[in-house]
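K.L.:
Between the sequences and the hints, there should be enough to build the whole structure, so can you do that?
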Amino acid sequence: MEESKRMKCLNNILLVLIMWLASIMMLAQECDTKLIIESDFDETYYYLNDTLVGTGSKLQIEVIPGIHKLYVLENSDRWDSKVFTDTINIKKCETLKLSYKFRSDFLLHTE
1 MEESKRMKCL NNILLVLIMW LASIMMLAQE CDTKLIIESD FDETYYYLND
51 TLVGTGSKLQ IEVIPGIHKL YVLENSDRWD SKVFTDTINI KKCETLKLSY
101 KFRSDFLLHT E
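Residue numbers (our numbering): 1 to 111.
To be clear, the hints were calculated from the coordinates, so they are not data collected in a lab.
Any given hint could turn out to be false.
Unchecked claim - DSBU-like, lysine-lysine: derived pairs with alpha carbons at most 35 angstroms apart:
(1) Lys-58 with Lys-34
(2) Lys-58 with Lys-82
(3) Lys-34 with Lys-91
(4) Lys-34 with Lys-101
(5) Lys-58 with Lys-92
(6) Lys-97 with Lys-58
(7) Lys-91 with Lys-69
(8) Lys-101 with Lys-58
(9) Lys-69 with Lys-34
(10) Lys-69 with Lys-101
(11) Lys-97 with Lys-82
(12) Lys-97 with Lys-34
(13) Lys-69 with Lys-97
(14) Lys-69 with Lys-82
(15) Lys-58 with Lys-91
(16) Lys-69 with Lys-58
(17) Lys-34 with Lys-82
(18) Lys-69 with Lys-92
(19) Lys-92 with Lys-34
(20) Lys-82 with Lys-101
(21) Lys-92 with Lys-82
(22) Lys-101 with Lys-91
P.N.:
Here you go:
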């Protein structure tokens, strides 16, 4: 009789440990890898690995961890429109924030 109580107690402890480990593993797997990009131009195109992933002045997407090629293009018919090219390395569960400035703040004074 005493042996049966010990077995039930050990089974309950084992069950609690298994449930605790399972919950920790589930929480560890529930993380997002995000890329956030801001620019000072409303008509910006964002390409990740040669695929258009968004437009506008702000982009927020979930990405697969690893190394990616990033292109940030100014959608403009101006002769001096800009393109930024970067290689980024995003780790698992990381949020990478980038900012690109297409307009420089300078004044040209001529007489």
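K.L.:
None of the hints should be skipped; say for each whether it holds.
P.N.:
Quick rundown of the hints versus the structure:
Distance hint between Lys-58 and Lys-34 is fulfilled; the C-alpha atoms sit about 13 angstroms from each other, no more than 35 angstroms. Taking the CA atoms of Lys-58 and Lys-82, the gap is near 17 angstroms; set against the 35 angstroms cutoff, the hint holds. As the CA atoms of Lys-34 and Lys-91 are separated by approximately 10 angstroms, the hinted pair is consistent with the 35 angstroms bound. For the hint linking Lys-34 to Lys-101, the alpha-carbon distance of about 21 angstroms falls within 35 angstroms, and the restraint holds.
Of the pairs offered as hints, the one joining Lys-58 and Lys-92 holds, with about 22 angstroms between alpha carbons and a cut-off of 35 angstroms not exceeded. As the CA atoms of Lys-97 and Lys-58 are separated by approximately 11 angstroms, the hinted pair is consistent with the 35 angstroms bound. Distance check on the hinted pair: Lys-91 and Lys-69 sit about 15 angstroms apart at the alpha-carbon level, within 35 angstroms; holds. Between the alpha carbons of Lys-101 and Lys-58 the distance comes to roughly 12 angstroms, so the proposed pair stays at or under 35 angstroms and holds.
With a C-alpha separation of about 15 angstroms, the suggested pairing of Lys-69 with Lys-34 holds against the 35 angstroms cut-off. Of the supplied pair hints, the one linking Lys-69 and Lys-101 holds, its CA atoms being roughly 19 angstroms apart against a limit of 35 angstroms. Restraint check for Lys-97 and Lys-82: the C-alpha separation of about 20 angstroms stays at or below 35 angstroms, so the hint holds. About 8 angstroms separates the Cα atoms of Lys-97 and Lys-34, which keeps this hinted pair within 35 angstroms; it holds.
Between Lys-69 and Lys-97 the alpha-carbon distance is near 15 angstroms, which keeps this suggested pair within the 35 angstroms criterion. Only pairs whose Cα atoms come within 35 angstroms are accepted, and Lys-69 paired with Lys-82 is accepted, the gap being roughly 17 angstroms. For the hint linking Lys-58 to Lys-91, the alpha-carbon distance of about 21 angstroms falls within 35 angstroms, and the restraint holds. Proximity of Lys-69 to Lys-58 is assessed by CA-CA distance (about 18 angstroms); at most 35 angstroms being required, the pair is judged to hold.
With a C-alpha separation of about 25 angstroms, the suggested pair Lys-34 and Lys-82 falls inside the 35 angstroms cut-off, and the hint holds. Restraint check for Lys-69 and Lys-92: the C-alpha separation of about 17 angstroms stays at or below 35 angstroms, so the hint holds. A threshold of 35 angstroms between alpha carbons decides the hint, and for Lys-92 with Lys-34 the separation of about 9 angstroms falls inside it, so the pair holds. A distance of roughly 10 angstroms separates the Cα atoms of Lys-82 and Lys-101; the hinted pair therefore holds under the 35 angstroms criterion.
About 31 angstroms separates the Cα atoms of Lys-92 and Lys-82, which keeps this hinted pair within 35 angstroms; it holds. Between Lys-101 and Lys-91 the alpha-carbon distance is near 25 angstroms, which keeps this suggested pair within the 35 angstroms criterion.
Going through the hint list in order, the structure satisfies each hint without exception.
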